[in-house]
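Asks: Sequences listed follow chains H and Y, in order. Start counting the first sequence at 1; every next residue gets the next number (the working numbering). Start counting the second sequence at 117; every next residue gets the next number (the working numbering).
Check the hints yourself; a few may be wrong.
[Stated by the list, open to error] Within a straight-line C-alpha distance of at most 20 angstroms, the following computed SDA-like cross-link-like pairs (lysine to any residue) qualify:
id, chain 1, residue 1, chain 2, residue 2
1, Y, K158, H, L21
2, Y, K158, H, V89
3, Y, K158, H, L114
4, Y, K158, H, E44
5, H, K11, Y, G157
6, H, K57, H, Q80
7, H, K57, Y, N212
8, H, K11, Y, K158
9, H, K57, Y, Y210
10, Y, K158, H, F45
11, H, K17, H, S53
12, Y, K158, H, P8
13, Y, K158, Y, D199
14, Y, K158, H, Y106
15, Y, K183, Y, F165
16, H, K57, Y, R216
17, H, K57, H, R81
18, Y, K158, H, S9
19, Y, K158, H, G3
20, Y, K158, H, A2
21, Y, K158, H, S87
22, Y, K118, H, S58
23, Y, K158, H, S38
24, Y, K158, H, R22
25, H, K57, Y, P209
26, H, K17, H, R112
27, Y, K183, Y, D143
28, H, K11, Y, S156
29, H, K57, H, T78
30, Y, K158, H, V12
31, Y, K158, H, L39
32, Y, K158, H, S5
33, Y, K118, H, L60
34, Y, K118, H, S38
35, Y, K158, H, T104
36, H, K57, Y, S156
37, Y, K118, H, F45
38, Y, K158, Y, Q186
39, Y, K172, H, R22
Everything labelled a hint here was simulated from the structure, so no lab data went into it.
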Amino acid sequence: GAGVSQSPSNKVTEKGKDVELRCDPISGHTALYWYRQSLGQGLEFLIYFQGNSAPDKSGLPSDRFSAERTGGSVSTLTIQRTQQEDSAVYLCASSLNRALGWETQYFGPGTRLLVL
Amino acid sequence: QKEVEQNSGPLSVPEGAIASLNCTYSDRGSQSFFWYRQYSGKSPELIMFIYSNGDKEDGRFTAQLNKASQYVSLLIRDSQPSDSATYLCAVIPYNNNDMRFGAGTRLTVKP
Chain H
1 GAGVSQSPSN KVTEKGKDVE LRCDPISGHT ALYWYRQSLG QGLEFLIYFQ GNSAPDKSGL
61 PSDRFSAERT GGSVSTLTIQ RTQQEDSAVY LCASSLNRAL GWETQYFGPG TRLLVL
Chain Y
117 QKEVEQNSGP LSVPEGAIAS LNCTYSDRGS QSFFWYRQYS GKSPELIMFI YSNGDKEDGR
177 FTAQLNKASQ YVSLLIRDSQ PSDSATYLCA VIPYNNNDMR FGAGTRLTVK P
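Looking at chain H on its own, in the form it has when it is part of the complex (with noise of 0.2 angstroms):
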């Protein structure tokens, strides 16, 4: 089946613009996962939705980012005001779900923004 898409696959904006970024989980998987990965750097842990709630937001960034995830299925990650430092990969990832998660979690190709 398909595995997990992101759009868009690549995103140029200018700061202060607003830019929203896609994820489409892989069918029938309840959890959902959003990461950040900056130049050279590894991955960090920004969200995780469980259905449609997230019940832990402190891992986003600033109060510039939000995520929703509506119907169980789609979710967007939406940053307010871009500033360079925004700039980076935005990975998304799903799982069968939190209890079984970890092992079963499976990336997106990721978004790649750069805020000039």
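For this one, chain H is given, so just place chain Y on it according to the hints.
Replies: Just chain Y now, with coordinates in the frame of chain H:
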């Protein structure tokens, strides 16, 4: 101190040799440990996970865990040029709410 630490490398080994990748973590309550491989420009893919002290083998890969020393390693036997990638160590902390990654070790296997 970073929560998950890895030598950034690059680590270079000849084809056919054993590559040894190391990782230490700071949360003593961590229970689950993962190794991901990431090719340049690609997303991470899971290679191994380990929960219990000792060794876990899967083909050419062996994960080793020592919770007392807060140390986890990955051995790659009979290294191949196709193993050249960045290897990411990831740890689930005690609260099980997130996955914490090291910065990765870049491995180059020379023919």
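Asks: With reference to the structure, classify each hint as holding or not holding.
Replies: Structure-based check of all given hints:
no., hint, in the structure
1, Y:K158 <-> H:L21, "holds, 18 angstroms"
2, Y:K158 <-> H:V89, "holds, 10 angstroms"
3, Y:K158 <-> H:L114, "holds, 17 angstroms"
4, Y:K158 <-> H:E44, "holds, 16 angstroms"
5, H:K11 <-> Y:G157, "holds, 15 angstroms"
6, H:K57 <-> H:Q80, "holds, 16 angstroms"
7, H:K57 <-> Y:N212, "holds, 14 angstroms"
8, H:K11 <-> Y:K158, "holds, 16 angstroms"
9, H:K57 <-> Y:Y210, "holds, 18 angstroms"
10, Y:K158 <-> H:F45, "holds, 18 angstroms"
11, H:K17 <-> H:S53, "violated, 27 angstroms"
12, Y:K158 <-> H:P8, "holds, 15 angstroms"
13, Y:K158 <-> Y:D199, "holds, 14 angstroms"
14, Y:K158 <-> H:Y106, "holds, 13 angstroms"
15, Y:K183 <-> Y:F165, "holds, 14 angstroms"
16, H:K57 <-> Y:R216, "holds, 15 angstroms"
17, H:K57 <-> H:R81, "holds, 19 angstroms"
18, Y:K158 <-> H:S9, "holds, 12 angstroms"
19, Y:K158 <-> H:G3, "holds, 14 angstroms"
20, Y:K158 <-> H:A2, "holds, 17 angstroms"
21, Y:K158 <-> H:S87, "holds, 17 angstroms"
22, Y:K118 <-> H:S58, "holds, 18 angstroms"
23, Y:K158 <-> H:S38, "holds, 14 angstroms"
24, Y:K158 <-> H:R22, "holds, 18 angstroms"
25, H:K57 <-> Y:P209, "holds, 17 angstroms"
26, H:K17 <-> H:R112, "holds, 16 angstroms"
27, Y:K183 <-> Y:D143, "holds, 10 angstroms"
28, H:K11 <-> Y:S156, "holds, 19 angstroms"
29, H:K57 <-> H:T78, "holds, 13 angstroms"
30, Y:K158 <-> H:V12, "holds, 19 angstroms"
31, Y:K158 <-> H:L39, "holds, 13 angstroms"
32, Y:K158 <-> H:S5, "holds, 13 angstroms"
33, Y:K118 <-> H:L60, "holds, 18 angstroms"
34, Y:K118 <-> H:S38, "holds, 16 angstroms"
35, Y:K158 <-> H:T104, "holds, 18 angstroms"
36, H:K57 <-> Y:S156, "violated, 29 angstroms"
37, Y:K118 <-> H:F45, "holds, 14 angstroms"
38, Y:K158 <-> Y:Q186, "violated, 29 angstroms"
39, Y:K172 <-> H:R22, "violated, 36 angstroms"
The structure shown violates the earlier hints numbered 11, 36, 38 and 39.
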